[in-house]
Amino acid sequence: MAQPRSLFEKIWERHSITTNEAGQSLLFIDRHFCHELSFHAFNMLHGNNRTVRHPERTFAIPDHYTPTTGLNDADYVDADTKALVQNLINNAERNKINLFGLDDKRRGIIHVVGPEQGITQPGTIIVCGDSHTSTHGALGALAFGIGASDVSHVLATQTLWQPKPKSMRVTVTGKRSIGVTAKDVILAIIGHIGAAGGTGHVIEYAGSAIQELSVDERLTVCNMSIEAGARAGMIAPDDNTYDYLRGRPFAPQGDDWDKAEQFWRTLPTDENAIFDREETLDAASIEPMVTWGTSPEDVLPVGGTVPDPSQETDPKRREALNRKMDYMGLRPGQQISDIQVDRVFIGSCTNSRIEDLRDAASILKGHKARIPTIIVPGSGLIRARAEQEGLDTIFEAAGVEWRPAAGCSMCIGVNGDFVNNKERCASTSNRNFEGRQGRGARTHLVSPAMAAAAAVTGHFTDVRKMEKS
Amino acid sequence: MEPFTCFTAVAAPMDQDNIDTDQILPARHLMMPRDERYGGYVFKDLRLDQDGNEINSFVLNQNGFRPSRIIVAGHNFGCGSSREGAVFTLVDAGFRAIIATSFGDIFYNNSFNNGLLPVVLPEQTVQKLRQQLHDGPGAEVTVDLEAQTVTGPDQSTYRFEIDAHRRNRLLKGLDAVGYTLQYEDNITTFEEQYSDDAPWELSAAQKQT
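As you go down the protein sequences, you meet chains A and B in turn.
Quick note on numbering: the first sequence equals residues 196 to 664 in my numbering.
Quick note on numbering: the second sequence equals residues 692 to 900 in my numbering.
Hints are supplied without guarantee of correctness; some may be wrong.
For each label pair, taking beta carbons as the anchor points, the in silico distance ranges come out as [to be verified]: (1) A:Arg513 - B:Gly743: 27 to 33 Å; (2) A:Ser211 - B:Asp740: 46 to 52 Å; (3) B:Glu727 - A:Asn517: 36 to 42 Å; (4) A:Pro567 - B:Leu739: 43 to 49 Å; (5) A:Gly218 - B:Gly743: 43 to 49 Å.
With the Cβ distance kept under 7 Å, some of the chain B side facing chain A (calculated, not the full set) [to be verified]: (6) Met723; (7) Thr792; (8) Asp796; (9) Ile797; (10) Thr871.
Hints were generated in silico from the structure; no laboratory data involved.
Don't be surprised by glycine CBs; every beta carbon is placed ideally from N, CA and C.
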């Protein structure tokens, strides 16, 4: 009998063209996404007089630097920013790669658009010069972020040399409580294994609490795999996956669909497959989570209290805690629910999909936001869907800003949407690093529902205690 | 790419764990072209305050450590984003080796494409090296890729492990694409077989591209 294999191993072996003397595999890349910051890679490619080997497998979507207030000249931070966006469009046209340009309704955040268009499929290898490429693993793909030199390598060869990563399975058993979202699940996982817990590994998320997640929710979980240090995160494809993909523009159609689905059904991890590491969490123990520090591993349930550095006996750890507390402007032992927020951001490749917007709307409905709040849809199509469902009316009635143009926005803060020095932001994004949302910005990562609750009450509030109208 | 064989330089200890790519290269500089200014962005917000004044507590601003070309860090150095600019700015500022107990995977990969050597050593060793550097600012460390050793200020030598392919590429300063194109026949054969096995995997729209 054949050796039982994991989802990851099946995809890895299917894409391995050859191996070299050091045991690295030359992997074939099915799908490659480029954004504005891929300019270094295009410069390398053109500088070496090389061409794009498979333009049909390459997709260019501007998302990092595009404004969210609109796409007129005045909406851009400055002329240089607009030129950077235009540079991607020029590179796409020059190399004849698929482009979702500025006037294209499908345009949005790459990691939202890929799945939404059905470009992301089970069993594929997907790369992009962006660490949150791990998102696409939610559909049973092996997807990971790469640097500019590797982007240039993929453009030229459609391949990458990779040492085989180790494998880890994170099993989430049981059932989530009401009010606990996919964001809380992944924050709890990162809190459990640490920001470097997944280093060198590909994580497969499994267990009943993962299987019952919708595809939108799975995308949120896999998105933050990199925040646990993992190379990639993935979830076995199942009926949810096929129901999600069927009929999407880039998914196989007709007879092709049947053949594809037949193949995809062979992908899930075999019984008795061996992982290098196994971790288990009980979903019932997970509560709505809030990060308090400057690493995603600095996370607590909303009912928790900020650590007290004076209780830390290890001097190095005490100093690190002091630094975090100082940067975040928090008091030792402060209740999470006592932390007042200055600003709320709902969006990013972690949480800007239709279900995220519905979650936020369900909390905002019938309430007024007390603090400045922006909501940025993940794609033009999500914006249209949200408006069709009347979510925009709820947002407007709550006094929050519903931005018309999709993009990365305040998650990375390079398109003009940023958090000011020492301002505190409840954010549905993925990184709370120092300066991530703007110099001196104090980021607390939360779910869309928790962000909306903070917008209404002005401080972190357990969504399970919010009155819904 | 400049080959890396053996490198000796002043080393700076950075005690903080999880020094992420936003600390190495703040996002607002990501759109800048890689020109003579690029090395100036390194650790920008750790080095300089908002008025552009040096932050005295940052190690590279302290006497003895200013000429550092090697960093001895803690745990998970270079975690976070895939920005290769974090490696570009370190290299352009003159750094050639980073010693740590672990690295962010993408940063680690990117380093080899730019002649920057990331060295993984056990926690005890890294702590000892940092302590010696704190005790004697300006002390030198040697990183020898051929011998796969690090020599500390007290002349103790530690062996490190590294993937043979990456080692070879750094030693020779080899261009990765050039190396891969030697496998052109393998790639073409694979592609033909792949589309025979799964003719459905490209959509109609992609086939028209």
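Close enough to count: is the Cβ of B:Ile797 nearer than 7 Å to one in chain A?
Interface hint status for B:Ile797: holds (5 Å vs cutoff 7 Å).
Interface hint check: B:Thr792, Cβ to nearest Cβ on chain A, cutoff 7 Å. Holds or violated?
With a closest approach of 9 Å, the B:Thr792 hint is violated.
If I claimed the Cβ atoms of A:Arg513 and B:Gly743 lie 27 to 33 Å apart, would that claim hold in this structure?
Because 31 Å falls inside the window, the suggested range holds.
Range hint 43 to 49 Å (beta carbons of A:Pro567 and B:Leu739) holds or violated:
violated (29 Å)
Look at the Cβ atoms of A:Gly218 and B:Gly743 and judge whether their distance stays inside 43 to 49 Å.
holds (48 Å)
Verify the interface restraint on B:Met723: the C-beta must sit less than 7 Å from at least one C-beta of chain A.
Nearest chain A Cβ about 9 Å off; hint violated.
Is 36 to 42 Å respected by the C-beta to C-beta distance linking B:Glu727 and A:Asn517?
Holds: the Cβ-Cβ distance is about 37 Å, inside 36 to 42 Å.
Would the stated hint for B:Thr871 survive a check requiring a Cβ distance to chain A of less than 7 Å?
holds (5 Å)
Would you settle whether the hint for B:Asp796 is holds or violated, based on the nearest Cβ-Cβ distance to chain A being less than 7 Å?
It holds, given that the least Cβ distance between B:Asp796 and chain A is near 5 Å, below 7 Å.
In this structure, is the beta-carbon distance linking A:Ser211 and B:Asp740 contained in 46 to 52 Å?
The hinted range 46 to 52 Å holds for A:Ser211 and B:Asp740, with Cβ atoms some 50 Å apart.
Hint violations for this structure: numbers 4, 6 and 7, all remaining hints satisfied.
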